[in-house]
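Undergrad: This is what each chain is made of:
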Amino acid sequence: NAGVTQTPKFRVLKTGQSMTLLCAQDMNHEYMYWYRQDPGMGLRLIHYSVGEGTTAKGEVPDGYNVSRLKKQNFLLGLESAAPSQTSVYFCASRERLAGGPGQFFGPGTRLTVL
Amino acid sequence: GQQLNQSPQSMFIQEGEDVSMNCTSSSIFNTWLWYKQDPGEGPVLLIALYKAGELTSNGRLTAQFGITRKDSFLNISASIPSDVGIYFCAGPASGTYKYIFGTGTRLKVLA
Numbered sequence: 001n002a003g004v005t006q007t008p009k010f011r012v013l014k015t016g017q018s019m020t021l022l023c024a025q026d027m028n029h030e031y032m033y034w035y036r037q038d039p040g041m042g043l044r045l046i047h048y049s050v051g052e053g054t055t056a057k058g059e060v061p062d063g064y065n066v067s068r069l070k071k072q073n074f075l076l077g078l079e080s081a082a083p084s085q086t087s088v089y090f091c092a093s094r095e096r097l098a099g100g101p102g103q104f105f106g107p108g109t110r111l112t113v114l
Numbered sequence: 001g002q003q004l005n006q007s008p009q010s011m012f013i014q015e016g017e018d019v020s021m022n023c024t025s026s027s028i029f030n031t032w033l034w035y036k037q038d039p040g041e042g043p044v045l046l047i048a049l050y051k052a053g054e055l056t057s058n059g060r061l062t063a064q065f066g067i068t069r070k071d072s073f074l075n076i077s078a079s080i081p082s083d084v085g086i087y088f089c090a091g092p093a094s095g096t097y098k099y100i101f102g103t104g105t106r107l108k109v110l111a
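Those protein sequences? They're chains A and B, same order as listed. The first sequence lines up with residues 1 to 114 when you count with my numbering. The second sequence lines up with residues 1 to 111 when you count with my numbering.
Don't read these hints as lab results, they were simulated from the structure. Model, not experiment: these values are computed from the prediction. Hints are not guaranteed to be accurate.
As the list claims (entries may be wrong) - Per label pair, the in silico range of CB-to-CB distance:
| # | chain 1 | residue 1 | chain 2 | residue 2 | range |
| --- | --- | --- | --- | --- | --- |
| 1 | B | Gln-14 | A | Pro-61 | 40 to 46 Å |
| 2 | A | Leu-69 | B | Gly-53 | 40 to 46 Å |
| 3 | B | Gly-1 | A | Phe-10 | 31 to 37 Å |
| 4 | B | Ala-111 | A | Leu-114 | 34 to 40 Å |
| 5 | A | Arg-110 | B | Leu-110 | 24 to 30 Å |
| 6 | B | Lys-70 | A | Gln-17 | 40 to 46 Å |
| 7 | A | Lys-70 | B | Ile-67 | 41 to 47 Å |
| 8 | A | Arg-110 | B | Ala-111 | 26 to 32 Å |
| 9 | A | Thr-5 | B | Lys-70 | 32 to 38 Å |
Stated by the list, open to error - Below, in silico cross-link-like pairs of lysine-lysine (DSBU-like), each with a Cα-Cα straight-line distance of 35 Å or less:
| # | chain 1 | residue 1 | chain 2 | residue 2 |
| --- | --- | --- | --- | --- |
| 10 | B | Lys-108 | B | Lys-70 |
| 11 | A | Lys-14 | A | Lys-71 |
| 12 | A | Lys-71 | A | Lys-57 |
| 13 | A | Lys-71 | B | Lys-51 |
| 14 | B | Lys-51 | B | Lys-108 |
| 15 | B | Lys-51 | B | Lys-98 |
| 16 | A | Lys-14 | B | Lys-98 |
| 17 | B | Lys-51 | B | Lys-70 |
| 18 | B | Lys-70 | A | Lys-14 |
| 19 | A | Lys-57 | B | Lys-70 |
| 20 | B | Lys-98 | A | Lys-70 |
| 21 | A | Lys-57 | B | Lys-98 |
| 22 | A | Lys-71 | B | Lys-98 |
| 23 | A | Lys-9 | B | Lys-98 |
| 24 | A | Lys-9 | A | Lys-57 |
| 25 | A | Lys-70 | A | Lys-14 |
| 26 | B | Lys-51 | A | Lys-57 |
| 27 | A | Lys-70 | A | Lys-57 |
| 28 | A | Lys-57 | A | Lys-14 |
As the list claims (entries may be wrong) - Just a sample of chain A residues kept apart from chain B, beta carbon distances all over 12 Å, derived:
| # | residue |
| --- | --- |
| 29 | Ser-67 |
| 30 | Leu-69 |
| 31 | Gln-72 |
Ideal placement from N, C-alpha and C gives every residue a C-beta, glycine not left out.
Produce the complete structure using the sequences and hints provided.
TA: Given below as structure tokens:
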């Protein structure tokens, strides 16, 4: 099992450019999440999905879009990158069962917007 | 909304010492999770707690689910240099599929 994988690992963008971050999981998990982590602020939820074809907003969704066309993949898009989106992005997944073992995280994508 | 407060924010300890950290909330949680994040990596689940009063160990780590369900504690015994990292507590936000994370306790171990 690869668990949760994220591509790319690093990326530098110029303001206004667009990009897509890919998250893939091979654990057949129903729920998937995108977080951003900034110094001193912990993990903040951007968007999440409770199943294929469904997405929902988290606490900081502005400037991001997501899609879950396949159960194993969760894509995070930045349509027009801004310096405020410089951050480390983490994807996570978990099974549907309540009281289960919590979320499994990917290794992260470091994004710098100049 | 629900929030998790972690204490201390950071700590330096000598190798071999025991470490204690806690996580508190003004709201009740039905599950408490403790994660560790190594530098440059994603968080990894250490311990999950599901019942008030529960005490669970994972090697040198022991975590407790507070009786009031508003707090949890993590202890590390005989710390070693590889214990360095950020420790997060987390819990499911009531009535949602989302998780709430604390801001973390940054641990540094002096050899």
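Undergrad: Can the restraint linking A/Lys-9 and A/Lys-57 be considered satisfied, given a maximum Cα separation of 35 Å?
TA: 24 Å, holds
Undergrad: Is the hinted range of 41 to 47 Å satisfied by the C-beta distance from A/Lys-70 to B/Ile-67?
TA: Check passed, 44 Å falls within 41 to 47 Å.
Undergrad: Within a Cα-Cα threshold of 35 Å, do A/Lys-14 and B/Lys-98 meet the stated pairing?
TA: 32 Å, holds
Undergrad: Would the pair A/Lys-71 and A/Lys-57 pass a check requiring their Cα atoms to be no farther apart than 35 Å?
TA: 18 Å, holds
Undergrad: Does the structure keep A/Lys-14 and A/Lys-71 at a Cα separation of 35 Å or less?
TA: 31 Å, holds
Undergrad: Given the hinted pair B/Lys-70 and A/Lys-14, is their Cα-Cα distance within 35 Å?
TA: With Cα atoms ~44 Å apart, B/Lys-70 and A/Lys-14 exceed 35 Å; violated.
Undergrad: Do the alpha carbons of A/Lys-57 and A/Lys-14 lie within 35 Å of each other, as the hint requires?
TA: Roughly 25 Å between the alpha carbons, so the hint for A/Lys-57 and A/Lys-14 holds.
Undergrad: Checking one constraint from the list: CA of A/Lys-57 to CA of B/Lys-98, max 35 Å. Satisfied?
TA: 10 Å, holds
Undergrad: Given the hint that B/Lys-98 pairs with A/Lys-70, does the C-alpha gap stay at or below 35 Å?
TA: Holds. B/Lys-98 to A/Lys-70 sits at ~20 Å (cutoff 35 Å).
Undergrad: Need the status of pair A/Lys-71, B/Lys-51: alpha-carbon distance at most 35 Å?
TA: The given pair, whose Cα atoms are some 31 Å apart, holds under the 35 Å limit.
Undergrad: Does the alpha-carbon distance linking B/Lys-51 and B/Lys-98 stay inside the 35 Å limit?
TA: With Cα atoms ~19 Å apart, B/Lys-51 and B/Lys-98 stay inside 35 Å; holds.
Undergrad: Between B/Gln-14 and A/Pro-61, does the C-beta distance stay in 40 to 46 Å?
TA: At roughly 44 Å between Cβ atoms, A/Pro-61 and B/Gln-14 fall inside 40 to 46 Å, so the hint holds.
Hint 18 from the earlier list is the only one contradicted by this structure; the remaining hints agree with it.
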